[in-house]
Amino acid sequence: MTSVASSRGSLPMSRIRPGRIVSWTLLFIGGIIMVTPLLFMLSTSLKDASQVYDLRVIPAAPTLDNYIEILGDGRFTRWLINSTIVAVIVTLSNVFFDSLVGYTLAKFRFRGRYIVFIAILSTLMIPTEMLVLPWYLMASRFGWLDSYWGIMFPGMMTAFGTFLMKQFFESVPDDFLEAARIDGLNEFTIWWKIAMPLVTPALSALAIFTFLGNWTAFFWPLIVTTSAELYTLPVGLSSFAVEQSIQWEKIMTGASIATLPTLVIFLFLQRYIVRGVMLAGLKG
Amino acid sequence: MATIEIDRLVKRYGQTAVVHGIDLAIQDGEFVVLVGPSGCGKSTTLRMIAGLEEISDGQIKIDGRVVNDLQPKDRNIAMVFQNYAIYPHMTVADNIAFGLYRSKLAKSEKRARVEQVAQTLGLSHLLERRPSALSGGQRQRVAIGRAMVRDPAAFLFDEPLSNLDAQLRTQMRIEIKRLHHRLGTTSVFVTHDQVEAMTMADRIVVMRDGRILQVGSPLELYEKPVDVFTARFIGSPTMNLIPASLKEGRADLSIGGSVKVPSLSPSTPDILVGIRPQDFTPAEAGSSGMSASGTVVVVETLGSETLVHIESGDQTIVGSAPGREVPKIGEQLTLHAPAERLYYFDRTTERTLAVQ
Chain X
16 MTSVASSRGS LPMSRIRPGR IVSWTLLFIG GIIMVTPLLF MLSTSLKDAS QVYDLRVIPA
76 APTLDNYIEI LGDGRFTRWL INSTIVAVIV TLSNVFFDSL VGYTLAKFRF RGRYIVFIAI
136 LSTLMIPTEM LVLPWYLMAS RFGWLDSYWG IMFPGMMTAF GTFLMKQFFE SVPDDFLEAA
196 RIDGLNEFTI WWKIAMPLVT PALSALAIFT FLGNWTAFFW PLIVTTSAEL YTLPVGLSSF
256 AVEQSIQWEK IMTGASIATL PTLVIFLFLQ RYIVRGVMLA GLKG
Chain H
193 MATIEIDRLV KRYGQTAVVH GIDLAIQDGE FVVLVGPSGC GKSTTLRMIA GLEEISDGQI
253 KIDGRVVNDL QPKDRNIAMV FQNYAIYPHM TVADNIAFGL YRSKLAKSEK RARVEQVAQT
313 LGLSHLLERR PSALSGGQRQ RVAIGRAMVR DPAAFLFDEP LSNLDAQLRT QMRIEIKRLH
373 HRLGTTSVFV THDQVEAMTM ADRIVVMRDG RILQVGSPLE LYEKPVDVFT ARFIGSPTMN
433 LIPASLKEGR ADLSIGGSVK VPSLSPSTPD ILVGIRPQDF TPAEAGSSGM SASGTVVVVE
493 TLGSETLVHI ESGDQTIVGS APGREVPKIG EQLTLHAPAE RLYYFDRTTE RTLAVQ
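As you go down the protein sequences, you meet chains X and H in turn. My numbering puts the first residue of the first sequence at 16, with every later residue one more than the last. My numbering puts the first residue of the second sequence at 193, with every later residue one more than the last.
Hints were generated in silico from the structure; no laboratory data involved. Do not rely on the hints blindly, as some may be mistaken.
As the list claims (entries may be wrong) - Here are the simulated EDC-like pairs of lysine to aspartate or glutamate, each with C-alpha atoms no more than 20 Å apart in a straight line:
id : chain 1 : residue 1 : chain 2 : residue 2
1  : H       : K520      : H       : E542
2  : H       : K520      : H       : D538
3  : X       : K208      : H       : E320
4  : X       : K208      : X       : E185
5  : X       : K208      : H       : D286
6  : H       : K265      : X       : E185
7  : H       : K265      : X       : D88
8  : X       : K122      : H       : E246
9  : H       : K253      : H       : E320
Claimed, not checked - Here are a few chain X residues that sit away from chain H, every Cβ distance over 12 Å (derived from the structure):
id : residue
10 : R32
11 : W39
12 : M49
13 : G87
14 : L107
15 : A121
16 : F191
17 : R196
18 : N201
19 : T204
20 : K208
21 : P212
22 : T215
23 : T277
24 : Y287
Ideal Cβ positions, reconstructed from N, Cα and C, are used throughout, including at glycine.
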């Protein structure tokens, strides 16, 4: 057993192909490029104001004062809560509505089904920047400016999520649904009790992408909110820079805390993210 | 238990009709098998009985009640699907209990029914397992269990054995048949496998191109096929068909020789003479019946019998020799069939010719 394990664990140098060395080198360089800003963020968060421009990765005198100060600042906690509320509600909404619409488009034959699907899909081609103005006008007309609903409404259901879920539901055999129909379930219960559990990997991928997208969203929350109590974390952190004459150590501390959920999600749900990226044909 | 009556049933997809006004009456407790090649309309017919396909025209009655506009759940039927359709996220017990989803029974009673069904099907020790931990045969038993637990008026089986290997298929075939004997529930079974049809059915319905060609007991279909299609579809290996021309009470065979035939009335003198391989055995040419000589090209040893393929003229003919008699390839062999075992078909209409 030991010899098998060791032979699997390390490849003899003679069997390493040159192509593999090149790809490892490229991946290593890519890794360094990705990780360096994160390291500097973490490092700066552990420095006091006087050391911020000292570019050593390991601070000369590391301190947790920034964390104590930031977490003690009521506004930061508020922004953290706002981000959590927005990200969680939008994620739940997407999981519910995207899968409901995706299921309907995948499993029911009705007139105009294809047109509806193309219409939904075509919205993927419109860049967010173009949508911001109509969103703003809509929010203004309905009195949604500077409110949670104002931040959330554009993302409550997405074309991407609908497309992703439709593709997945198409792979669910009709026999499952027909068997449930014969057993006496109504269509909503069939979707909820039978179809949804069968597409858990897709739901996980959708939930993760939506949560991360909304947790880090900056542009729209910045436009739609004016009161500091409604800022989400990224917007709040940016206001930190303007108000307090760019206190980098504070901004980096806030950013480090804000990155934590993302990191935790990546660490624990890597499998689903990779699967989701592969299945949706995305780059993340 | 219930009767199922199908009256001028039609299914159209757009302008294309796939079932052309079929009629069928299934008796209470009967086991009827719909058999035919892919695309013959057998599954569509079953799905219309189940309520999973809309009926374009005609009528279906279950237990005397017209069910055309009833939802599947309101027809009191249970269906077993080809790919089992048991839910992978539920345990065996939950899957079986799902058949009682609409039932107003108390939880304890539902549990008791599930356990009773599991015991009948030999699944008691698997109740807490997920389908992924079951073999193909066990999964199919769970699917049957889910259908059974509701005590429906009729069972509908849509090629339920197709995904199983040959050995398991034979075993499940017997199990389903025994179950039917015990429960006596009206059953409609769809398959493209004539062996399944022959071994399981009280009556077989042969379908082709959306039409019923013949309905009868397995032996009736084997002995008295109404046309070339049924004659070749029922029975394994398939029936030999030898072109012949009628002339003064004899049929001149395309492979050479002739055979004395009874009085027939074909549309033209061109006919087909049919012989089942089991009736075509190595023997000396007799005074009556039909003989064919040729070179042995293939020998299939089955143990109980040996199938012999001989090349006679430009045609390959299959005969049957006793299990211990294994002819050699290249050997010259004469096969003989008695006159009463010959079938005659009109070559133009492909219908069986009635002996006058």
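These are the hints, each one checked on the structure:
1. Simply put, H:K520 and H:E542 have alpha-carbon atoms about 35 Å apart, too far for the 20 Å limit, and the pair is violated.
2. Taken as a hint, the H:K520 and H:D538 pair is broken in the structure, with Cα atoms around 35 Å apart against an allowance of 20 Å.
3. Taking the CA atoms of X:K208 and H:E320, the gap is near 19 Å; set against the 20 Å cutoff, the hint holds.
4. Using a Cα cut-off of 20 Å, the hinted pair X:K208 and X:E185 holds, with the two alpha carbons roughly 17 Å apart.
5. As the CA atoms of X:K208 and H:D286 are separated by approximately 12 Å, the hinted pair is consistent with the 20 Å bound.
6. At roughly 24 Å between alpha-carbon atoms, H:K265 and X:E185 are farther apart than 20 Å, so this suggested pair is violated.
7. Between H:K265 and X:D88 the alpha-carbon distance is near 60 Å, which puts this suggested pair outside the 20 Å criterion.
8. Restraint check for X:K122 and H:E246: satisfied, since their Cα atoms lie roughly 16 Å apart, inside the 20 Å limit.
9. Note on H:K253 and H:E320: the hinted pairing is violated, with a Cα-Cα distance of about 38 Å set against a maximum of 20 Å.
10. Listed as outside the interface, X:R32 is consistent with that label: its C-beta sits roughly 37 Å from the nearest C-beta of chain H, beyond the 12 Å cut-off.
11. Distance to chain H confirms X:W39 as a non-interface residue, since its nearest Cβ pair spans about 36 Å, more than 12 Å.
12. Once the 12 Å rule is applied to beta carbons, X:M49 is consistent with being away from chain H; the minimum gap is 37 Å.
13. The beta carbon of X:G87 sits about 46 Å from the closest Cβ of chain H, which is more than 12 Å, so the claim that it is off the interface holds.
14. With a least beta-carbon separation of about 20 Å from chain H, X:L107 lies farther than 12 Å from that chain, consistent with its non-interface assignment.
15. Its beta-carbon lying about 17 Å from the closest one in chain H, X:A121 satisfies the requirement of being farther than 12 Å from that chain.
16. With 12 Å as the threshold on Cβ separation, the claim that X:F191 sits away from chain H is violated: the shortest Cβ distance comes to roughly 5 Å.
17. Some Cβ of chain H comes within 12 Å of the Cβ of X:R196; the nearest lies about 5 Å off, and the non-interface call is violated.
18. The claim that X:N201 is not at the interface with chain H is violated, since a C-beta of that chain comes within 12 Å of its own (minimum 9 Å).
19. Separation of X:T204 from chain H is inadequate, the least Cβ-Cβ distance of about 9 Å not exceeding the 12 Å criterion.
20. With a closest Cβ-Cβ approach of about 9 Å to chain H, X:K208 is found to fall inside the 12 Å limit, against its non-interface label.
21. The Cβ of X:P212 sits about 4 Å from the closest Cβ of chain H, inside the 12 Å cut-off, so the non-interface label is violated.
22. For X:T215, the shortest C-beta to C-beta distance to chain H comes to about 8 Å, within the 12 Å cut-off, and the non-interface label is violated.
23. Separation of X:T277 from chain H is adequate, the least Cβ-Cβ distance of about 29 Å exceeding the 12 Å criterion.
24. Chain H leaves X:Y287 outside its interface by the beta-carbon criterion, the shortest separation being 16 Å against a cut-off of 12 Å.
Figure legend: structure checked against the earlier numbered hints; hints not met, in rising order: 1, 2, 6, 7, 9, 16, 17, 18, 19, 20, 21, 22.
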